[in-house]
Amino acid sequence: METATNDEQMVERALSGDPEAFGEIVRRWERRIFALAFGMLGREEDARDATQETFLAAFRNLRGFRGEAKVSSWLHRIAVNQCITRQRRAKVRGETGLEDEAEKNAGVFALPLDVSPARTAEKIERSIAVRRAVGALPPDLRQVVVMKEFEELTFQQISEALELPLSTVKSRLYTALRQLQMRLQKFGE
Amino acid sequence: MPNINERPVCHRAEDLVTYLYGEASELDAKDFAIHLQQCEACRSEFGVFQQVHDSIGLWRNEALGSAFKPAVLPVESGGSTQFVRHEQKLPALAALREFFRVAPLWLRAATAFAALLLCAMVLLTASRSWNRTVDDDPKFTQQQFDEAVKKRVEEQTAKFNKQQTPPPVNDATIKEPTDNGARSQITVSRIQPKTSRPRGLSRQEREELAKDLRLIPRDEDELPFVLSDEPDQ
Chain X
4 METATNDEQM VERALSGDPE AFGEIVRRWE RRIFALAFGM LGREEDARDA
54 TQETFLAAFR NLRGFRGEAK VSSWLHRIAV NQCITRQRRA KVRGETGLED
104 EAEKNAGVFA LPLDVSPART AEKIERSIAV RRAVGALPPD LRQVVVMKEF
154 EELTFQQISE ALELPLSTVK SRLYTALRQL QMRLQKFGE
Chain W
53 MPNINERPVC HRAEDLVTYL YGEASELDAK DFAIHLQQCE ACRSEFGVFQ
103 QVHDSIGLWR NEALGSAFKP AVLPVESGGS TQFVRHEQKL PALAALREFF
153 RVAPLWLRAA TAFAALLLCA MVLLTASRSW NRTVDDDPKF TQQQFDEAVK
203 KRVEEQTAKF NKQQTPPPVN DATIKEPTDN GARSQITVSR IQPKTSRPRG
253 LSRQEREELA KDLRLIPRDE DELPFVLSDE PDQ
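So the sequence lines, in the order shown, correspond to chains X and W. Each residue of the first sequence is one higher than the one before, starting from 4 at the first, in the working numbering. Each residue of the second sequence is one higher than the one before, starting from 53 at the first, in the working numbering.
Only chain W is shown next, with the shape it has when bound in the complex:
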């Protein structure tokens, strides 16, 4: 660094520090920048002051950490100073590191002890719950297992056979004399459960069915009108 002690001080010393810390207005900053080009003393001082400023900044960052920023900045509002709280979001690890850096020794020791205790309790709880899960499972021998399977298979087989057996036919209903006669029988046969074995219709039943569907007229009156083959007279 050049020695500036014997150099005459420019009358704009206050403007120099204002410009150095970036607090000059736009107009004043332009004006001082022009002055800086013309004034050797100010140019030299600006250079060395900048180095001093950087050195203090380095020391501050090393000592307080580069993350250091004042938490609360005063803001002028309506003649009274108010405060804007800036949320400073540190990563979890950095926050933890800062905590351990700032906290006194006894607090660090207590935190470490509490963390260890918590880990131990978590492990103990997990271990207990695992043992309980294992104990709760019923243990069967191979013989018991085979018997249970056999019993279950027999139950299922019996159930299946029961379903396959046709239910008894309600003969009384079929033989019951009604006005409709055969039609009643067909109605009964239609409402038989689906599980009963399908039975073919007898000839008589087929004819009755055809009559029901009016495919075959019951008597001569019901014959459809058919044109005579004979030519018109």
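Isolated chain X, as found in the complex:
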């Protein structure tokens, strides 16, 4: 089903008092914003909260949206800022150890029973290592990786969403992949 109304028109309708319009924007973008938040934060609960806060912030600032940028870029910027703020707060509170352990255990239960324990342990370790490696990337590199790998956007779409030149997006992804390779190196040895 192809919707004839684009995001910008939906924002206009929301501003003119259509109660359904903002709901439609949320429906269109919630999965992508959740994927972005999950890639940035690495935890489902945090990603869900960040997604919720992103749409809440967008709704509060709806009148501030001037239509100069695309709604997708606007939402992505809000989401990235939310994720960075959350990470900063988590660092201040020192929230890491216990949640990592809980996530590790959750991974064990999520895997199929026919996988051997050694293989399961290896997969979990690798999964945690990838998450940490992505989490350790600078935000500007991380958001490109997440948009490419989690949202599966094309380079052109990332370029439009972040309002960056196409070549910048590609070079950032290249740099990010090199850094990730360095961090994941020990698993290949």
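Hints are computed from structural coordinates only; laboratory data are not their basis. Source: prediction; values computed, not measured. One should not assume that every hint holds.
A few chain X residues facing chain W, derived, Cβ under 10 angstroms [as the list claims (entries may be wrong)]:
#, residue
1, Ala-38
2, Ser-130
3, Val-137
4, Ala-139
5, Pro-141
6, Lys-151
7, Leu-169
8, Ser-170
9, Leu-180
Label pairs and their computed distance ranges (CB to CB) [unchecked claim]:
#, chain 1, residue 1, chain 2, residue 2, range
10, W, Ala-81, X, Pro-142, 29 to 35 angstroms
11, X, Ala-93, W, Cys-171, 41 to 47 angstroms
12, X, Glu-166, W, Ala-81, 24 to 30 angstroms
13, W, Cys-171, X, Arg-66, 44 to 50 angstroms
14, X, Asp-21, W, Ala-155, 26 to 32 angstroms
15, X, Glu-48, W, Gln-90, 46 to 52 angstroms
16, W, Trp-158, X, Arg-96, 22 to 28 angstroms
Partial pick of chain W residues on the chain X-facing surface, computed with a CB cut under 8 angstroms [as the list claims (entries may be wrong)]:
#, residue
17, Tyr-73
18, Ala-76
19, Gly-99
20, Val-100
21, Phe-101
22, Trp-111
23, Leu-116
No residue lacks a Cβ here, since even glycine has one placed at the ideal position from N, Cα and C.
Chain X is fixed; fit chain W onto it per the hints.
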């Protein structure tokens, strides 16, 4: 994984990521594939980037589920971004599982409680309707049953006997003098109900019937023309 940090970076780094994610045009892809065979640095980087890409994909699938796909994909159309909504059909069980995975604890508890309540109500309703069905059935004693059967049999027998009794013959009609005489009697006898016992015809009646059917001439005038036995004069 081999260490690529000290290796010189090829000037086609951007082409490498474009090729890696399958976004190069057909012509560019062919061109880069040829370059890949000649450039050791790009070949090595392509291998390790592929592994990183696969690792992130595994993590994403484990964390978000392999069924994860963005629900709405932007499509460029006439200078403005429009959206194509892809219907994602999950099996009922998978959808239920996803719901329970995503829903908060209170919602899961409320759903479970509602499901239990629904089951209890269904069972209660079924039980009540069963009891009502059983109560509605009239209960007869063996004696009442026998009497009812006997009464019914007697009714049927009486009815049958009544049907077997021949109805009274309408003598007045038969004896009524008419111009046609016997023909009238035959007509009357023909319209007797089928239930009356069949009665054989008397000789006189048979003759009258034959006359009616013109098998026997009534008088000499009605004799059929017959050739004379005598030879022609």
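Against the structure, the hints come out as follows:
1. Ala-38: holds, 7 angstroms
2. Ser-130: holds, 5 angstroms
3. Val-137: holds, 7 angstroms
4. Ala-139: Since the shortest Cβ distance to chain W is 14 angstroms, the answer is violated.
5. Pro-141: Violated. Min distance 17 angstroms.
6. Lys-151: holds, 7 angstroms
7. Leu-169: holds, 9 angstroms
8. Ser-170: holds, 6 angstroms
9. Leu-180: holds, 5 angstroms
10. W/Ala-81 - X/Pro-142: 29 to 35 angstroms: holds, 32 angstroms
11. X/Ala-93 - W/Cys-171: 41 to 47 angstroms: Hint holds: Cβ distance 43 angstroms, inside 41 to 47 angstroms.
12. X/Glu-166 - W/Ala-81: 24 to 30 angstroms: holds, 28 angstroms
13. W/Cys-171 - X/Arg-66: 44 to 50 angstroms: Given about 49 angstroms between the Cβ atoms, the range holds.
14. X/Asp-21 - W/Ala-155: 26 to 32 angstroms: holds, 28 angstroms
15. X/Glu-48 - W/Gln-90: 46 to 52 angstroms: holds, 49 angstroms
16. W/Trp-158 - X/Arg-96: 22 to 28 angstroms: holds, 25 angstroms
17. Tyr-73: Holds: closest Cβ of chain X sits about 7 angstroms from W/Tyr-73, inside 8 angstroms.
18. Ala-76: Status violated, d = 10 angstroms.
19. Gly-99: Given a least distance of 10 angstroms, the restraint on W/Gly-99 is violated.
20. Val-100: Hint on W/Val-100: holds, closest Cβ of chain X at ~5 angstroms, below 8 angstroms.
21. Phe-101: Cβ of W/Phe-101 sits 5 angstroms from chain X, so the hint holds.
22. Trp-111: holds, 4 angstroms
23. Leu-116: holds, 6 angstroms
Consistency note: the structure conflicts with the earlier hints numbered 4, 5, 18, 19.
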